[in-house]
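Number of protein chains: 2
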Amino acid sequence: MKATIVTIGDEILIGQIVDTNSAFISKSLDKIGVETHEMLSISDDKQHILDTFKKLQNKVDLVIITGGLGPTKDDVTKKTFCDYFDDELVVNPQVLAHVTELIEGFYKRPITQMNKDQALVPSRCTVLHNQVGTAPGMWIKKENTVFISLPGVPYEMKYLVEHEIIPKVVKEYKRPYILHKTILTYGQGESMVAERIEHWEDALPEFVKLAYLPSPGRVRLRLTARGLNKELLEQEIDKQVILLDAIINDIIVGYEEDQTIEVVIGSMLKKQKLSIATAESCTGGSIASLLASVPGASGYFKGSVVSYATQTKIDVLSIPSALIEEFSVVSAQVAEAMALSVKNLMKTDYAIATTGNAGPSKGDGDAEIGAVFIALATPTGVLVEEFNFGQPREKVIDRAVYKSLEMLQKEIIKFV
Amino acid sequence: MKATIVTIGDEILIGQIVDTNSAFISKSLDKIGVETHEMLSISDDKQHILDTFKKLQNKVDLVIITGGLGPTKDDVTKKTFCDYFDDELVVNPQVLAHVTELIEGFYKRPITQMNKDQALVPSRCTVLHNQVGTAPGMWIKKENTVFISLPGVPYEMKYLVEHEIIPKVVKEYKRPYILHKTILTYGQGESMVAERIEHWEDALPEFVKLAYLPSPGRVRLRLTARGLNKELLEQEIDKQVILLDAIINDIIVGYEEDQTIEVVIGSMLKKQKLSIATAESCTGGSIASLLASVPGASGYFKGSVVSYATQTKIDVLSIPSALIEEFSVVSAQVAEAMALSVKNLMKTDYAIATTGNAGPSKGDGDAEIGAVFIALATPTGVLVEEFNFGQPREKVIDRAVYKSLEMLQKEIIKFV
Numbered sequence: 001m002k003a004t005i006v007t008i009g010d011e012i013l014i015g016q017i018v019d020t021n022s023a024f025i026s027k028s029l030d031k032i033g034v035e036t037h038e039m040l041s042i043s044d045d046k047q048h049i050l051d052t053f054k055k056l057q058n059k060v061d062l063v064i065i066t067g068g069l070g071p072t073k074d075d076v077t078k079k080t081f082c083d084y085f086d087d088e089l090v091v092n093p094q095v096l097a098h099v100t101e102l103i104e105g106f107y108k109r110p111i112t113q114m115n116k117d118q119a120l121v122p123s124r125c126t127v128l129h130n131q132v133g134t135a136p137g138m139w140i141k142k143e144n145t146v147f148i149s150l151p152g153v154p155y156e157m158k159y160l161v162e163h164e165i166i167p168k169v170v171k172e173y174k175r176p177y178i179l180h181k182t183i184l185t186y187g188q189g190e191s192m193v194a195e196r197i198e199h200w201e202d203a204l205p206e207f208v209k210l211a212y213l214p215s216p217g218r219v220r221l222r223l224t225a226r227g228l229n230k231e232l233l234e235q236e237i238d239k240q241v242i243l244l245d246a247i248i249n250d251i252i253v254g255y256e257e258d259q260t261i262e263v264v265i266g267s268m269l270k271k272q273k274l275s276i277a278t279a280e281s282c283t284g285g286s287i288a289s290l291l292a293s294v295p296g297a298s299g300y301f302k303g304s305v306v307s308y309a310t311q312t313k314i315d316v317l318s319i320p321s322a323l324i325e326e327f328s329v330v331s332a333q334v335a336e337a338m339a340l341s342v343k344n345l346m347k348t349d350y351a352i353a354t355t356g357n358a359g360p361s362k363g364d365g366d367a368e369i370g371a372v373f374i375a376l377a378t379p380t381g382v383l384v385e386e387f388n389f390g391q392p393r394e395k396v397i398d399r400a401v402y403k404s405l406e407m408l409q410k411e412i413i414k415f416v
Numbered sequence: 001m002k003a004t005i006v007t008i009g010d011e012i013l014i015g016q017i018v019d020t021n022s023a024f025i026s027k028s029l030d031k032i033g034v035e036t037h038e039m040l041s042i043s044d045d046k047q048h049i050l051d052t053f054k055k056l057q058n059k060v061d062l063v064i065i066t067g068g069l070g071p072t073k074d075d076v077t078k079k080t081f082c083d084y085f086d087d088e089l090v091v092n093p094q095v096l097a098h099v100t101e102l103i104e105g106f107y108k109r110p111i112t113q114m115n116k117d118q119a120l121v122p123s124r125c126t127v128l129h130n131q132v133g134t135a136p137g138m139w140i141k142k143e144n145t146v147f148i149s150l151p152g153v154p155y156e157m158k159y160l161v162e163h164e165i166i167p168k169v170v171k172e173y174k175r176p177y178i179l180h181k182t183i184l185t186y187g188q189g190e191s192m193v194a195e196r197i198e199h200w201e202d203a204l205p206e207f208v209k210l211a212y213l214p215s216p217g218r219v220r221l222r223l224t225a226r227g228l229n230k231e232l233l234e235q236e237i238d239k240q241v242i243l244l245d246a247i248i249n250d251i252i253v254g255y256e257e258d259q260t261i262e263v264v265i266g267s268m269l270k271k272q273k274l275s276i277a278t279a280e281s282c283t284g285g286s287i288a289s290l291l292a293s294v295p296g297a298s299g300y301f302k303g304s305v306v307s308y309a310t311q312t313k314i315d316v317l318s319i320p321s322a323l324i325e326e327f328s329v330v331s332a333q334v335a336e337a338m339a340l341s342v343k344n345l346m347k348t349d350y351a352i353a354t355t356g357n358a359g360p361s362k363g364d365g366d367a368e369i370g371a372v373f374i375a376l377a378t379p380t381g382v383l384v385e386e387f388n389f390g391q392p393r394e395k396v397i398d399r400a401v402y403k404s405l406e407m408l409q410k411e412i413i414k415f416v
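So the sequences go chain by chain: C and L. Residue 208 in full-length UniProt numbering sits at position 208 of the first sequence; the count goes up by one each step and never skips. Residue 195 in full-length UniProt numbering sits at position 195 of the second sequence; the count goes up by one each step and never skips.
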């Protein structure tokens with residue numbers, strides 16, 4: 001079963017916003033064994049939409065469209081739907097009641113004609129009721145292809161995917177299983193890893209695919225198995241992971257089953273009743289916000305001191321100014337002191353500290369652009385590592401964030 | 001002049017990563033008057049790539065491909081290039097020298113055959129030299145279409161777009177001008193704004209397009225003008241903005257010329273030599289990390305106390321526990337105290353504080369899920385506002401972050 005995801009909107013084509021909807025939809029489809037064949041972003045021009053529908057007709061089973069719906073946008077998309085499906089717009093009473101309730105009842109605003117028009121849908125479509133917004137989703141089948149239209153607002157789209165589309169597809173279609181397992185390695189480059197596991201890779205069965213997902217400093221290896229027998233797929237993946245582990249055990253740091261490192265760390269900390277705090281300079285709170293993005297983070301994440309200015313390090317973290325003068329603000333000694341200070345301040349088991357110069361120009365002190373010190377305070381001591389992440393600025397911040405979490409994960413994994 | 005952007009990689013099609021490369025490329029093209037016709041994500045399967053190339057041949061002027069390059073991936077993409085362009089791979093001595101220098105000189109690793117193979121390129125392509133990585137970019141023309149292949153690693157792709165592709169396109173092609181101006185409004189919904197400006201919108205000239213970009217609580221209006229006479233376009237946009245301002249002056253809060261709110265705030269603070277700090281609970285450091293993401297932020301951003309746990313509010317921000325007991329941790333009083341405390345601690349002119357319950361379940365205290373208090377301490381007092389951002393969690397955090405920055409911007413704009 002194959003799907004194509006189509007995003008409608010000029011704001012995407014001019015790069016004003018990044019399309020995150022497609023990734024969410026494809027991930028949701030992947031979990032139920034529906035393969036995303038292509039993703040496509042097109043303009044909100046009627047002819048462009050019609051041409052796209054024609055091209056996709058009977059080429060895939062599902063076409064999921066986001067964007068192009070909303071009080072000022074309905075016109076083009078809905079009229080295009082009517083044109084393509086040779087249908088006409090009718091008022092859906094349930095949608096009208098819902099829109100009226102939301103606007104007048106919840107938002108306490110007078111309802112406008114544009115609001116009311118949101119209840120207009122093609123007569124032959126199945127309405128997907130949007131409980132978290134005003135624009136309804138639409139499901140309409142032509143020949144062998146189902147066209148599904150969703151609003152572009154991410155949480156409305158997500159609501160409809162989770163509550164309407166996935167259950168409906170699961171109920172109405174037979175699908176194979178698609179299983180993934182991602183092995184996290186670090187310390188060696190992609191080409192080095194590839195050469196070490198070459199024989200293992202060549203011997204993988206037909207129905208298991210390997211992908212290399214390199215980022216600076218680490219390589220993730222993703223195994224994907226596809227087939228009708230779920231148990232067989234699971235057995236094969238487990239077997240291959242054991243074989244792989246025997247070859248590159250020295251660089252494997254963990255496994256991801258569709259989980260990000262902040263989620264993995266969160267569940268490890270929770271399980272062991274351990275807590276964490278951060279003291280961040282060059283990362284500016286990015287480690288804290290990543291830790292806090294996980295539901296239930298309040299169980300183990302106590303907080304952070306973002307000591308961006310040197311004076312803040314002195315005032316809030318009580319770093320002695322003599323230490324800063326002697327070693328400079330970007331130094332192993334200051335990173336270590338920051339980690340110990342915040343660990344003490346917030347009474348945690350672990351603490352991460354970062355200090356560096358993200359660039360593009362030299363900041364406080366005279367540290368090289370790209371230089372970062374990361375300190376990890378543990379129940380038994382402090383580790384400090386020095387890096388140079390080069391440029392640009394966003395890469396330095398990003399790598400410092402993930403390197404910090406990797407250092408933390410490596411430490412706590414010892415107790416699992 | 002039209003371009004299509006093609007992203008190659010199964011990791012995108014299964015939703016494992018979000019494609020941010022396409023937005024960067026289209027934004028860069030838009031600035032020099034090249035229109036992105038479509039964006040497309042496809043699998044790293046040879047036939048899929050070939051079919052895509054065929055479909056795009058002579059339909060657009062530029063096809064920019066990212067992904068599918070790298071030590072373990074070169075094979076498919078480069079061989080597909082050779083097939084499609086009827087060419088063969090040859091060693092490029094300059095690339096070989098660069099790869100060798102990078103691996104042996106900078107990374108101090110033995111060079112592998114896979115590394116060396118990165119210097120293989122189709123004989124007729126123009127090599128785009130990648131100074132920040134090992135995989136070279138390639139530029140190759142067939143009939144009326146130029147195909148450009150770039151590595152998928154974002155900073156390598158960005159380097160090649162900025163230093164190689166944009167200058168080359170500017171030099172070799174004539175292009176029209178595309179100008180955008182985005183007007184920020186808040187306080188009224190999309191349909192309400194649309195009805196108020198209907199007559200103005202209907203009277204816009206042919207070459208000016210209007211787009212509504214709604215997010216919860218605010219609507220951005222984007223004007224786009226396209227044409228050969230830059231001065232004329234600028235005059236028309238200015239004129240239309242003045243006309244618009246006369247109609248909805250009460251809800252316009254600012255303008256974006258391709259700038260995010262954190263950049264706009266940064267330059268306002270810098271110009272007026274003012275400083276800012278944050279005390280964050282439910283936003284977990286997201287406001288801090290957004291402020292710190294701007295180059296030169298150290299000039300005005302002093303830092304943050306992320307007081308995620310209640311005890312951290314007491315220990316680090318010295319919030320009296322009696323205040324928390326009396327009003328609860330999610331309250332106007334605690335938000336106000338947090339803002340004043342961090343302002344005092346970090347000696348800044350402004351301070352933002354957030355406390356709320358992002359959900360999905362109830363946290364410390366008994367606040368409703370979605371409830372957030374935002375306090376803004378200014379040189380003359382403290383403002384506090386109460387919100388309920390509903391659910392899901394990411395929406396609550398996101399809206400709290402942007403609402404905080406909007407409150408700050410509204411305050412400092414008074415002094416500009």
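Note that these hints are calculated values from the structure, not bench results. Hints are not guaranteed to be accurate.
Note: identical chains are not told apart, hence a pair may lie in one copy or across any two.
[What the hints assert, rightly or not] Result set (DSS-like, lysine-lysine): computed pairs, CA atoms no more than 25 angstroms apart in a straight line:
#: 1; residue 1: Lys209; residue 2: Lys79
#: 2; residue 1: Lys410; residue 2: Lys55
#: 3; residue 1: Lys168; residue 2: Lys59
#: 4; residue 1: Lys142; residue 2: Lys270
#: 5; residue 1: Lys362; residue 2: Lys347
#: 6; residue 1: Lys414; residue 2: Lys347
#: 7; residue 1: Lys108; residue 2: Lys273
#: 8; residue 1: Lys414; residue 2: Lys230
#: 9; residue 1: Lys54; residue 2: Lys347
#: 10; residue 1: Lys2; residue 2: Lys54
#: 11; residue 1: Lys362; residue 2: Lys270
#: 12; residue 1: Lys55; residue 2: Lys2
#: 13; residue 1: Lys271; residue 2: Lys362
#: 14; residue 1: Lys362; residue 2: Lys239
#: 15; residue 1: Lys108; residue 2: Lys230
#: 16; residue 1: Lys168; residue 2: Lys273
#: 17; residue 1: Lys181; residue 2: Lys230
#: 18; residue 1: Lys59; residue 2: Lys209
Of the numbered hints stated earlier in the document, which are not met by this structure? Failing hints, ascending: 2, 4, 7, 8, 9, 14, 15 and 16.
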